[in-house]
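Engineer: Sequence:
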Amino acid sequence: MGAVMVDIKELEEKAKSKFGKYTPEKPTPFMAFLGKYVFRTRTPLNSFVGGAISAGTLVYWAMTKNILPLCAWLLIDLLMSLGARFYWRAEGKRLDREITRLNSEIQQINQEVNERKQYFEKIKEDLAKSTLN
3 MGAVMVDIKE LEEKAKSKFG KYTPEKPTPF MAFLGKYVFR TRTPLNSFVG GAISAGTLVY
63 WAMTKNILPL CAWLLIDLLM SLGARFYWRA EGKRLDREIT RLNSEIQQIN QEVNERKQYF
123 EKIKEDLAKS TLN
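Residue numbers for the sequence shown follow our numbering, beginning at 3 and rising by one.
These aren't lab readings, by the way, just hints derived from the structure by calculation. There could be a bad hint or two in this list.
Using C-beta positions, here's what the derived DEER-type ranges look like [stated by the list, open to error]:
{"hint": "1", "residue 1": "Tyr62", "residue 2": "Asp98", "range": "37 to 47 Å"}
{"hint": "2", "residue 1": "Gly53", "residue 2": "Thr30", "range": "24 to 34 Å"}
{"hint": "3", "residue 1": "Ala34", "residue 2": "Ile55", "range": "39 to 49 Å"}
{"hint": "4", "residue 1": "Phe32", "residue 2": "Pro71", "range": "21 to 31 Å"}
{"hint": "5", "residue 1": "Ile10", "residue 2": "Lys131", "range": "18 to 28 Å"}
Each computed EDC-like pair below joins lysine to aspartate or glutamate, with the alpha-carbon atoms no more than 20 Å apart [unchecked claim]:
{"hint": "6", "residue 1": "Lys95", "residue 2": "Glu14"}
{"hint": "7", "residue 1": "Lys28", "residue 2": "Glu93"}
{"hint": "8", "residue 1": "Lys11", "residue 2": "Glu114"}
{"hint": "9", "residue 1": "Lys126", "residue 2": "Glu15"}
{"hint": "10", "residue 1": "Lys119", "residue 2": "Glu107"}
{"hint": "11", "residue 1": "Lys28", "residue 2": "Asp98"}
{"hint": "12", "residue 1": "Lys20", "residue 2": "Asp128"}
{"hint": "13", "residue 1": "Lys119", "residue 2": "Glu12"}
{"hint": "14", "residue 1": "Lys18", "residue 2": "Glu107"}
{"hint": "15", "residue 1": "Lys38", "residue 2": "Glu27"}
{"hint": "16", "residue 1": "Lys126", "residue 2": "Glu27"}
{"hint": "17", "residue 1": "Lys23", "residue 2": "Glu107"}
{"hint": "18", "residue 1": "Lys18", "residue 2": "Glu114"}
{"hint": "19", "residue 1": "Lys38", "residue 2": "Glu93"}
{"hint": "20", "residue 1": "Lys18", "residue 2": "Asp98"}
{"hint": "21", "residue 1": "Lys124", "residue 2": "Asp9"}
{"hint": "22", "residue 1": "Lys38", "residue 2": "Glu12"}
{"hint": "23", "residue 1": "Lys124", "residue 2": "Glu27"}
{"hint": "24", "residue 1": "Lys119", "residue 2": "Glu15"}
{"hint": "25", "residue 1": "Lys28", "residue 2": "Glu107"}
{"hint": "26", "residue 1": "Lys20", "residue 2": "Glu114"}
{"hint": "27", "residue 1": "Lys20", "residue 2": "Glu117"}
{"hint": "28", "residue 1": "Lys11", "residue 2": "Glu107"}
{"hint": "29", "residue 1": "Lys23", "residue 2": "Glu100"}
{"hint": "30", "residue 1": "Lys95", "residue 2": "Glu107"}
{"hint": "31", "residue 1": "Lys131", "residue 2": "Glu27"}
{"hint": "32", "residue 1": "Lys126", "residue 2": "Asp9"}
{"hint": "33", "residue 1": "Lys119", "residue 2": "Glu27"}
{"hint": "34", "residue 1": "Lys11", "residue 2": "Glu117"}
{"hint": "35", "residue 1": "Lys126", "residue 2": "Glu114"}
{"hint": "36", "residue 1": "Lys126", "residue 2": "Glu14"}
{"hint": "37", "residue 1": "Lys18", "residue 2": "Glu93"}
{"hint": "38", "residue 1": "Lys23", "residue 2": "Asp128"}
{"hint": "39", "residue 1": "Lys124", "residue 2": "Glu12"}
{"hint": "40", "residue 1": "Lys124", "residue 2": "Glu14"}
Bear in mind the structure is a predicted one, so any value in this text is a computation, not a measurement. Even glycine gets a Cβ: it sits at the ideal position worked out from N, Cα and C.
Let the hints inform the model, and build the full structure from the sequences given.
Structural biologist: Quick look at the structure:
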């Protein structure tokens with residue numbers, strides 16, 4: 003009976019994955035700051051405060067006919083809205099890159115799993131042949 007020799011080092015190497023724990027792509031410090039403090043999701047409180055400031059500046063303008071605070075608030079509101087659009091667009095692009103990276107990693111992991119299956123099936127066949135002889 004011929005014994006099949008299995009290389010233990012090769013077997014251990016095949017058993018280890020080259021992929022480690024998933025670590026997401028970190029946003030830049032500026033984007034992290036904006037996401038944490040400036041462009042959080044719209045909550046009812048944020049909407050209420052924005053509406054209250056708009057109403058307050060309108061009432062102030064109606065009583066004093068001083069249009070400067072109203073224009074300043076509308077300009078700030080417009081700039082914040084534009085900033086939010088640009089922020090969420092950049093965040094969407096970052097998430098798309100992350101999804102693309104994950105999909106490629108998943109394909110590589112599936113390929114690695116298939117290679118391992120073939121390797122171990124080959125060992126199984128060799129062992130079956132050697133036991134029949």
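Engineer: With reference to the structure, classify each hint as holding or not holding.
Structural biologist: Hint check:
1. Tyr62 / Asp98: 37 to 47 Å: holds (44 Å)
2. Gly53 / Thr30: 24 to 34 Å: Because 32 Å falls inside the window, the suggested range holds.
3. Ala34 / Ile55: 39 to 49 Å: This hint is violated: roughly 27 Å between Cβ atoms.
4. Phe32 / Pro71: 21 to 31 Å: holds (29 Å)
5. Ile10 / Lys131: 18 to 28 Å: holds (20 Å)
6. Lys95 / Glu14: Distance ~39 Å between Lys95 and Glu14 Cα, so the pair is violated.
7. Lys28 / Glu93: Roughly 11 Å between the alpha carbons, so the hint for Lys28 and Glu93 holds.
8. Lys11 / Glu114: Measuring from Cα to Cα gives roughly 18 Å; hence the hint holds.
9. Lys126 / Glu15: Given pair Lys126, Glu15 holds - Cα atoms ~17 Å apart, limit 20 Å.
10. Lys119 / Glu107: Since the Cα atoms of Lys119 and Glu107 sit roughly 18 Å apart, the hinted pair holds (cutoff 20 Å).
11. Lys28 / Asp98: holds (14 Å)
12. Lys20 / Asp128: violated (26 Å)
13. Lys119 / Glu12: Judged against 20 Å, a Cα distance of about 14 Å means the pair holds.
14. Lys18 / Glu107: holds (16 Å)
15. Lys38 / Glu27: holds (16 Å)
16. Lys126 / Glu27: violated (40 Å)
17. Lys23 / Glu107: It holds: about 12 Å lies between the C-alpha atoms, which stays within 20 Å.
18. Lys18 / Glu114: holds (10 Å)
19. Lys38 / Glu93: It holds: about 13 Å lies between the C-alpha atoms, which stays within 20 Å.
20. Lys18 / Asp98: Judged against 20 Å, a Cα distance of about 29 Å means the pair is violated.
21. Lys124 / Asp9: Distance of about 13 Å is within 20 Å: holds.
22. Lys38 / Glu12: violated (48 Å)
23. Lys124 / Glu27: violated (38 Å)
24. Lys119 / Glu15: Distance of about 14 Å is within 20 Å: holds.
25. Lys28 / Glu107: With a Cα-Cα distance of about 17 Å, the restraint between Lys28 and Glu107 holds, given a limit of 20 Å.
26. Lys20 / Glu114: holds (9 Å)
27. Lys20 / Glu117: holds (13 Å)
28. Lys11 / Glu107: violated (25 Å)
29. Lys23 / Glu100: holds (15 Å)
30. Lys95 / Glu107: holds (18 Å)
31. Lys131 / Glu27: violated (48 Å)
32. Lys126 / Asp9: holds (14 Å)
33. Lys119 / Glu27: violated (31 Å)
34. Lys11 / Glu117: holds (17 Å)
35. Lys126 / Glu114: Since the Cα atoms of Lys126 and Glu114 sit roughly 18 Å apart, the hinted pair holds (cutoff 20 Å).
36. Lys126 / Glu14: Holds. Lys126 to Glu14 sits at ~16 Å (cutoff 20 Å).
37. Lys18 / Glu93: Roughly 34 Å separates the two Cα atoms, so the pair is violated.
38. Lys23 / Asp128: violated (34 Å)
39. Lys124 / Glu12: Judged against 20 Å, a Cα distance of about 13 Å means the pair holds.
40. Lys124 / Glu14: The hint holds at about 16 Å.
When held up to the earlier numbered hints, the structure conflicts with 3, 6, 12, 16, 20, 22, 23, 28, 31, 33, 37 and 38 and fits the remainder.
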